[in-house]
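Mapping of the sequence shown onto this note's numbering: position 5 corresponds to residue 5, and the numbering continues sequentially without gaps.
Since the hints were made in silico from the structure, they are not lab data.
One should not assume that every hint holds.
Said to hold, decoys possible - In silico SDA-like links for lysine to any residue, alpha-carbon gap of 25 Å or less:
id	residue 1	residue 2
1	K2	I14
2	K3	L15
3	K3	V37
4	K3	A18
5	K3	F17
As the list claims (entries may be wrong) - So the derived label-pair ranges between C-beta atoms look like this:
id	residue 1	residue 2	range
6	G33	I11	14 to 22 Å
7	R27	A7	31 to 39 Å
8	V30	A7	37 to 45 Å
9	A5	V37	17 to 25 Å
10	Q29	A5	29 to 37 Å
11	V36	L6	35 to 43 Å
12	V37	K3	21 to 29 Å
13	G33	S9	17 to 25 Å
14	A32	L8	16 to 24 Å
15	I11	A32	15 to 23 Å
16	N26	K2	34 to 42 Å
Given the structure is predicted, the values throughout are model-derived calculations rather than measurements.
Virtual Cβ for every residue (Gly too), placed ideally from N, Cα, C.
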Amino acid sequence: MKKIALALSIIFIILTFAGVAYVLYNRGQVNAGYAVVPMVIH
Numbered sequence: 001m002k003k004i005a006l007a008l009s010i011i012f013i014i015l016t017f018a019g020v021a022y023v024l025y026n027r028g029q030v031n032a033g034y035a036v037v038p039m040v041i042h
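Go ahead and model the full structure; you've got the sequences and the hints to work with.
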């Protein structure tokens with residue numbers, strides 16, 4: 001069970017950083033929620 005939780009944590013952290021990269025790539029013109037939502041779900 002701990003391995004599953006760790007794997008999910010890593011996946012959500014990767015999604016969060018991908019969201020941050022997407023927001024920065026678009027120079028902040030898109031919703032910052034793309035960067036925040038994955039960590040809120042976790």
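Results for each hint:
Simply put, K2 and I14 have alpha-carbon atoms about 18 Å apart, close enough for the 25 Å limit, and the pair holds. Proximity of K3 to L15 is assessed by CA-CA distance (about 18 Å); at most 25 Å being required, the pair is judged to hold. As the CA atoms of K3 and V37 are separated by approximately 23 Å, the hinted pair is consistent with the 25 Å bound. The hinted pair formed by K3 and A18 meets the criterion: a straight-line CA distance of about 22 Å does not exceed 25 Å.
Pair hint K3 plus F17 holds up; C-alpha atoms about 21 Å apart against a cutoff of 25 Å. Take G33 and I11: their Cβ atoms lie about 18 Å apart, and the range 14 to 22 Å holds. Under the hint 31 to 39 Å, the C-beta atoms of R27 and A7, about 33 Å apart, fit the expected range. The hinted window of 37 to 45 Å between V30 and A7 is violated, with their beta carbons roughly 28 Å apart.
Range check, A5 to V37: about 19 Å between beta-carbon atoms, so the 17 to 25 Å window is met. Here the CB-CB span from Q29 to A5 is close to 35 Å, well matched to the stated 29 to 37 Å. For V36 and L6, the Cβ-Cβ distance of about 22 Å falls outside the hinted range of 35 to 43 Å, so the restraint is violated. Checking the proposed 21 to 29 Å range against V37 and K3 shows it holds: the Cβ atoms sit about 24 Å from each other.
The hinted range of 17 to 25 Å is satisfied by G33 and S9, whose Cβ atoms lie roughly 20 Å apart. At roughly 23 Å, the beta-carbon separation of A32 and L8 lies within the given 16 to 24 Å, and the hint holds. Range check, I11 to A32: about 20 Å between beta-carbon atoms, so the 15 to 23 Å window is met. The beta-carbon spacing between N26 and K2, approximately 37 Å, falls within the hinted interval of 34 to 42 Å.
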